[in-house]
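K.L.:
Chain by chain, the residues run as shown.
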Amino acid sequence: MSLPTSPRARMHGGINPPGNKQQSLRHPIRRLPLPPQLIVPVQQRGEPLPELLIGIGDRVEKGQCLARGRGERAVSSHAPAAGVVTDIGAQPLPDDQAGGVTCVTIATEPCVASARCLPPLDPVECGNEMFLQRLRDAGITGLGGAGFPTHAKVRAAIGRVETLIVNATECEPFITADAALLQERAADVLRGASLLLQITGATRCLVGIQDDAPAAIASLQAAMTDARFQLCVLPARYPHGAEALLVHVLTGREVPMGRPAIDYGVLCHNPATLHAVARAVLHGEPLISRVMTLTGAALRDPGNYDVLIGTPVAVALQACGLDEWQHSRSLAGGPLLGVELQQATVPLIKTSNCILATTEAELPRPPPSQPCIRCGLCADVCPVRLLPQKLQWFWRSGELDKAAAHHLEDCIDCGACAYVCPSTIPLVQQFRLAKTSLAEQRARQRQADRARERFEAHQARVATQQRLDEQRRRERAALLQRKQAEAAARTETVNAVTASSAPSPQDVIAAALARVQARKAAKRAAEPTALPPEGEAPP
Amino acid sequence: MLSPLLLICLALLAGALLACAARPAEPQTLGLVEQIDALLPQTQCGQCGHPGCKPYAAAIAEGAAINKCPPGGRQTIARLARLLNRAVVPLDPEHGAEGPRRVAFIREAECIGCTKCLQACPVDAIVGAAKLMHTVISAECTGCDLCVEPCPVDCIDLLPAPSAWQPVAVNDSPARGTPLIGSDRGRGLTT
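In order, the protein sequence lines correspond to chains A and B.
Residues in the first sequence are numbered consecutively from 0, following numbering that gives the first Met the number 0.
Residues in the second sequence are numbered consecutively from 0, following numbering that gives the first Met the number 0.
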């Protein structure tokens with residue numbers, strides 16, 4: 000039992016939306032019935048195609064490795080349940096609207112056999128490399144949202160961080176997956192944290208949690224026996240969970256936008272990731288399921304469920320008692336940061352922490368926006384101290400350069416500005432588009448710079464080629480001239496020699512004619528029956 | 000008598016030091032032509048009537064019109080106008096129309112390997128050898144159109160560039176109901 004420490008800094012702004020957390024915390028973590036089909040993504044975004052270890056029609060066991068990543072950052076994927084592989088191909092995922100990634104579809108079979116596991120590792124005996132390889136083999140990626148491969152993050156942190164932060168601040172309304180996990184499995188989470196402390200060489204672990212999860216706090220305090228662990232309870236305020244903000248609040252260090260916190264001596268992990276690390280290392284369990292919140296007014300039985308990776312959203316929602324008549328839309332994630340699901344066939348993946356199936360009454364569509372009245376509320380709540388109102392004007396007038404000069408790119412997309420706007424202007428949506436346009440402009444500029452470089456190189460090459468050609472031509476011409484001159488000189492000498500000593504051309508012809516006559520005469524002399532000779536042969 | 004002289008000497012010395020320190024750290028500033036060139040899209044297509052973007056930049060610096068660049072379009076004209084303090088004018092239709100960015104694509108089965116497009120490409124974005132198939136490195140292609148005309152078998156198409164390159168009209172606000180994110184105002188959230 001340890002007493003909570005106080006935060007080192009306060010977050011600027013932020014909002015206090017209704018938490019709506021108790022709906023999903025009424026029950027302990029439950030299991031969903033086995034879905035008939037699982038769609039398991041085997042490829043990470045931006046990674047090459049993985050090495051597939053199974054083919055269509057193959058029978059797979061629970062926990063069997065389906066694919067091994069090829070890239071430096073790629074991780075393995077495992078079968079969440081026993082069954083038969085029916086399809087391998089690109090499938091859409093909940094976190095993007097366009098395209099998809101390679102997924103393996105498994106028709107599941109009820110099977111009592113336990114999961115095929117890797118042998119447990121002894122964290123003291125095994126070296127760093129073996130530990131990281133285990134994280135990779137067990138398919139562990141960040142479960143907080145970004146899905147960054149954990150082994151790569153830990154590798155970057157080895158020897159460079161002195162603080163490990165457990166980001167248990169689930170600040171978005173409705174989501175309670177981490178709180179439920181900490182309530183029931185705090186010991187495993189802390190075990191995972193101490194493994195990472197040992198590997199990275201960090202000396203302390205700060206657990207940041209909001210005061211709206213008292214049961215999780217109590218459970219954490221009970222499990223904390225180590226002096227290296229400190230609990231830090233923050234007042235509930237959105238968006239405490241953004242990594243850079245949490246690092247600032249807990250340690251007082253400000254991490255610039257776009258830089259990893261590791262450069263500032265801090266490694267930040269989600270409790271679910273630490274839980275998965277502990278299970279993978281100490282028990283050899285690959286990451287085949289995760290705790291997620293299935294909630295919203297359209298569900299009769301909202302709660303936290305241990306869901307197999309690859310369960311289709313529709314199946315999961317049906318199992319929680321989806322009221323089709325009331326249901327208006329589903330969001331992957333919370334109401335502020337979530338993405339609206341376009342189709343219910345997408346699978347739940349490692350980064351899905353919440354599916355919010357709402358009704359029109361619970362989460363109405365925003366009313367049409369009104370003109371800005373310059374109240375300044377947006378600037379008051381912006382946690383990164385931007386001026387959303389000003390940025391909005393720049394966006395409207397198409398002055399992206401000015402918006403960039405006002406640090407548009409530091410916006411963390413939290414949506415606090417849009418939440419408080421009395422004119423219901425879709426500020427954060429506009430900023431998202433603006434950032435996309437800005438990124439596109441930057442990419443174009445890079446492409447233009449490259450094209451200029453290549454054009455200049457091309458010009459230089461053509462010029463060199465022309466110069467060389469010209470030089471060669473001149474050389475050839477000079478050579479020809481020299482040869483001609485030499486030939487001319489030779490004829491000259493020959494002529495001179497003939498003119499001085501040899502007989503004149505007329506004499507040569509006369510001599511040749513004489514030789515021919517002589518030969519003819521000799522022929523005639525050898526044949527006496529022939530006609531008499533017309534001329535006399537010379538002697 | 001000595002102290003005023005000493006003071007004057009000190010003042011002069013300090014003045015010299017300050018003058019040295021006040022000199023800007025980066026003395027080399029881009030010339031006007033380079034500044035203009037940086038705003039041009041570097042397509043090197045020659046639609047402006049100049050053999051490349053740099054010559055056009057030089058011409059603009061000497062007073063040529065700023066509305067002769069169709070690949071740059073409105074945006075480039077606006078930026079040039081701001082840089083040169085000139086009026087924003089619409090694109091001169093004589094030089095072409097503004098369109099989405101494109102990349103060249105060689106229908107490889109039809110290519111006879113004449114190397115004519117290789118010589119035409121201003122950024123060396125086509126690879127190939129005599130009597131062998133050619134192909135376009137699409138990441139390097141500027142969509143300048145210069146390789147299409149010399150091709151004797153017309154096997155080069157200009158296709159729309161991948162979506163990341165499509166210009167985004169910056170004045171469009173998101174359509175109502177566009178699910179960019181699920182962010183909604185919290186009114187109606189029940190507790």
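If you are wondering where the hints come from, they were derived from the structure by calculation, not from laboratory data.
Model, not experiment: these values are computed from the prediction.
For every residue, glycine included, the Cβ atom is placed at its ideal position computed from N, Cα and C.
Incorrect hints may have been included.
Claimed, not checked - In the DSBU-like style, the derived pairs of lysine-lysine whose C-alpha atoms are separated by at most 30 Å in a straight line are: (1) K67(B) x K115(B); (2) K482(A) x K434(A); (3) K115(B) x K401(A); (4) K53(B) x K67(B); (5) K115(B) x K434(A); (6) K401(A) x K389(A); (7) K130(B) x K53(B); (8) K482(A) x K519(A); (9) K401(A) x K67(B).
To be verified - Pairwise CB distance ranges (calculated): (10) P89(B) x S396(A): 13 to 21 Å; (11) L29(B) x K389(A): 57 to 65 Å; (12) E109(B) x A484(A): 50 to 58 Å; (13) T423(A) x V126(B): 47 to 55 Å; (14) R384(A) x I136(B): 41 to 49 Å.
K.L.:
Is K53(B) within 30 Å of K67(B), Cα to Cα?
P.N.:
holds (13 Å)
K.L.:
For the pair supplied as a hint, K482(A) and K519(A), is the alpha-carbon distance within the 30 Å limit?
P.N.:
violated (44 Å)
K.L.:
Below or equal to 30 Å on CA atoms is what counts here, so check K401(A) against K389(A).
P.N.:
Holds - the C-alpha atoms of K389(A) and K401(A) are around 10 Å apart, at most 30 Å.
K.L.:
Given the hint that K115(B) pairs with K434(A), does the C-alpha gap stay at or below 30 Å?
P.N.:
violated (41 Å)
K.L.:
Given the range 13 to 21 Å, decide if the beta-carbon distance of P89(B) to S396(A) lies inside it.
P.N.:
holds (19 Å)
K.L.:
Keeping to a limit of 30 Å between CA atoms, is the pair of K67(B) and K115(B) held or broken?
P.N.:
With a Cα-Cα distance of about 27 Å, the restraint between K67(B) and K115(B) holds, given a limit of 30 Å.
K.L.:
Between the alpha carbons of K401(A) and K67(B), is the straight-line distance 30 Å or under?
P.N.:
holds (26 Å)
K.L.:
Return holds or violated for the Cβ distance of E109(B) and A484(A) against the range 50 to 58 Å.
P.N.:
holds (51 Å)
K.L.:
For R384(A) and I136(B), compare the CB-CB distance with the range 41 to 49 Å and indicate the outcome.
P.N.:
holds (44 Å)
K.L.:
Given the hinted pair K115(B) and K401(A), is their Cα-Cα distance within 30 Å?
P.N.:
Measuring from Cα to Cα gives roughly 45 Å; hence the hint is violated.
K.L.:
Taking 30 Å as the top limit, are the C-alpha atoms of K130(B) and K53(B) close enough?
P.N.:
violated (34 Å)
K.L.:
Return holds or violated for the Cβ distance of L29(B) and K389(A) against the range 57 to 65 Å.
P.N.:
violated (29 Å)
Violated hints for the displayed structure, listed by number in ascending order: 2, 3, 5, 7, 8 and 11.
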